[in-house]
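Add chains X, A and L to chain B, keeping to what the hints say.
4 protein chains.
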Amino acid sequence: MSFERTWTVRFSDSDPFGIAHYPRIIDAVHETSDMFMVEIGHPFWELSQDRGFGLPIVEVDFEFKAPVEAGNEVTIALTPEVGDKSIRFDYTAICDGTVTFEGYEQRVCAEHGGGGAIEVPDELRDAMASYAEG
Amino acid sequence: MSFERTWTVRFSDSDPFGIAHYPRIIDAVHETSDMFMVEIGHPFWELSQDRGFGLPIVEVDFEFKAPVEAGNEVTIALTPEVGDKSIRFDYTAICDGTVTFEGYEQRVCAEHGGGGAIEVPDELRDAMASYAEG
Amino acid sequence: MSFERTWTVRFSDSDPFGIAHYPRIIDAVHETSDMFMVEIGHPFWELSQDRGFGLPIVEVDFEFKAPVEAGNEVTIALTPEVGDKSIRFDYTAICDGTVTFEGYEQRVCAEHGGGGAIEVPDELRDAMASYAEG
Amino acid sequence: MSFERTWTVRFSDSDPFGIAHYPRIIDAVHETSDMFMVEIGHPFWELSQDRGFGLPIVEVDFEFKAPVEAGNEVTIALTPEVGDKSIRFDYTAICDGTVTFEGYEQRVCAEHGGGGAIEVPDELRDAMASYAEG
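Residue numbers (full-length UniProt numbering), protein chains in the order written: chain B, 1 to 134; chain X, 1 to 134; chain A, 1 to 134; chain L, 1 to 134.
Next up, chain B with everything else stripped away, as it sits in the complex (with noise of 0.2 angstroms):
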C-alpha cells in the first residue's frame, strides 16, 4: 500500500501555455519523498542530524505522459522499494483518472564524510515495510 499525497499545481507552477514547468514538478517529487519520510517517522533531518547518515539520490529517471495544468490535483504515489544498501523510491502520478508522470529515485543509504554506503538499518526498513510492493 503506497504512500499518497495530492500536489496541487500552481499558478506560478505554471508556463506559457497553462502546464506546470517540469522543474516544479520534480519539486513536487522531491517534496513528496520528504512527507514520506516523515510519515514513517524518519524525516531527512533525523537522519542527518542525529544519526550520521543520509539517502543521497544517484539516478532518477521520470516519464511525462500527460501536461498537468494550474488548478490540477494530482494524487502522487510512492512505493519503496528497499534492498541493502539502497533504497528505490517508484512514484505514479495520477491525475483525472490518467498517469501524468511516473518514475523513480534510486537513493544510496550512506554516512556522511564519504564513509561509502552502509546497509540500511533495520529500523527503517520496519518503517517502510508496510508501504512496499506487497
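Hints are not guaranteed to be accurate.
Derived pair list, reagent style EDC-like, types lysine to aspartate or glutamate, alpha-carbon separation capped at 20 angstroms [said to hold, decoys possible]:
1) B:Lys65 / A:Glu111
2) B:Lys65 / A:Glu59
3) B:Lys85 / A:Glu63
4) L:Lys85 / X:Asp90
5) X:Lys85 / L:Glu63
6) B:Lys65 / A:Asp61
7) L:Lys65 / X:Glu111
8) X:Lys65 / L:Glu59
9) L:Lys65 / L:Asp122
10) A:Lys85 / A:Glu123
11) A:Lys85 / B:Glu63
DEER-style ranges, computed between Cβ atoms [as the list claims (entries may be wrong)]:
12) A:Ala132 / L:Gly116: 51 to 59 angstroms
13) A:Lys65 / B:Arg5: 40 to 48 angstroms
14) X:Glu46 / A:His112: 19 to 27 angstroms
15) B:Lys85 / X:Asp126: 23 to 31 angstroms
16) L:Ala132 / X:Thr6: 36 to 44 angstroms
Source of the hints: derived by calculation from the structure; they are not laboratory data. Heads up, the beta-carbon is just placed ideally off N, CA and C, and yes, glycines get one too.
Relative to chain B, chains X, A and L alone:
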C-alpha cells in the same frame, strides 16, 4: 478571521545552517496566496483564463524575525485588505508561538493586455470579506 | 562539439551538508537547455510564440556521481541528438576534472494544442547540427 | 559604482501571460547578491565556513514597476550600504531603459549560533567600499 495554512519546512528548503533559504520562504508565501484564492472560490487561474484580469504584485515587504528549520510547522496567516482598485495581502507566520516573519504583498487589480487598474469586482470583494480584518 | 556553459553553485543551492540540493541541479540543467536554444538562435519562447510548436520533455534520466557544493564551478555540456520527430539532449557535468552528473532529456517536437508529434523543422535541425556528436 | 550583472529571463521563469513569476524574480535577486559576494572576494560560503558569521536578511522591500518576459535581458545593479552592524543591498533592475523593479535587502552581520549582531569586519567593509554610493 484570517485564512491560515500550515507550511512544513522541508529538508530541500534548508541551508548549510539548517535554516530555510529566504527564496524558499517566498515560495511558501506565494503558495499561501494561491491556496487562499482557491479557498474563496476565485483561483488565480480562473481570474486569468475566464475573466481576463489578474492581481499582479506591485510591492512586497517582509521582515524576517526568527529563522525556521526543516521540520518546523509554520502557521502562515493571510489577511486581505481590499481597496478600490487594489488588494493588500498581510501575512503573519508563527512557529512555536513566535513570529518568524511578517509582511505584505500589495497587488493591483489589472486587466490583461495593459489596460491598467480596474475596480475590484464586487464578487471578489465579497468573497474576501469574511477573511478581512474586522 | 557540444555546447558548454559554466554553472556556479550558489549558497542558496546548498543543503545542510553544504552540497547542492538535487532540485536545484535540475534547475541548472533546465537553464542550460534554455541557454543552448538561445545560442542556436531558436529560443524556447520564439518557437512557442512565433512558430506554434515546442519541445516538451517526455523523459529524463540523470545519474549523480559526485556532489557539488557552493562555490564550485561546474561545466555542463549539452549535446543534441536530433531524431525524426524528437530530440535528445545529452548532458555531462564536470567539476574539477570529475563527472558530477550526466544524463539526458528526451524531447518531442510537438504542435501546441495537442496535434501530436511533428517532424523537426529543417531549420532547427540545421541549427543544432554543429553541436551534435560527430 | 554599483555591481552589475545581466539576468536573462528564461522560459522556465515565465507564467501563462509570458511574464516572469515573482518568486523567480526573487531567485534572480538572490543570485545577484551571491555573485556580488564572489566578486568582492568574500563569498557567502567563505564567511560561513571559515569565519563563523553570515549576513542573514532581516527585511526585504521590492517594488515591481514593469513586467519582464522570457528572453528579456535585465541589468540588475546592486549597491551596498554598509552600516555599523548591518549592510543594506539596494537593487535597481533595468530592462530596455525602463526600471522593472527596485528595492532592498536589509542584512545584519551575525555570528552563527545566535551570538547576535557583530560589527562588520573592516576587511568586508573595505571590499564593499568601491561599490558603495559615492
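Tested hints:
no.: 1; hint: B:Lys65 / A:Glu111; verdict: holds (16 angstroms)
no.: 2; hint: B:Lys65 / A:Glu59; verdict: holds (9 angstroms)
no.: 3; hint: B:Lys85 / A:Glu63; verdict: holds (17 angstroms)
no.: 4; hint: L:Lys85 / X:Asp90; verdict: violated (29 angstroms)
no.: 5; hint: X:Lys85 / L:Glu63; verdict: holds (17 angstroms)
no.: 6; hint: B:Lys65 / A:Asp61; verdict: holds (15 angstroms)
no.: 7; hint: L:Lys65 / X:Glu111; verdict: holds (16 angstroms)
no.: 8; hint: X:Lys65 / L:Glu59; verdict: holds (9 angstroms)
no.: 9; hint: L:Lys65 / L:Asp122; verdict: violated (36 angstroms)
no.: 10; hint: A:Lys85 / A:Glu123; verdict: holds (14 angstroms)
no.: 11; hint: A:Lys85 / B:Glu63; verdict: holds (17 angstroms)
no.: 12; hint: A:Ala132 / L:Gly116: 51 to 59 angstroms; verdict: holds (57 angstroms)
no.: 13; hint: A:Lys65 / B:Arg5: 40 to 48 angstroms; verdict: violated (30 angstroms)
no.: 14; hint: X:Glu46 / A:His112: 19 to 27 angstroms; verdict: holds (22 angstroms)
no.: 15; hint: B:Lys85 / X:Asp126: 23 to 31 angstroms; verdict: violated (59 angstroms)
no.: 16; hint: L:Ala132 / X:Thr6: 36 to 44 angstroms; verdict: holds (42 angstroms)
Against the hints set out earlier in the document, violations occur for numbers 4, 9, 13 and 15.
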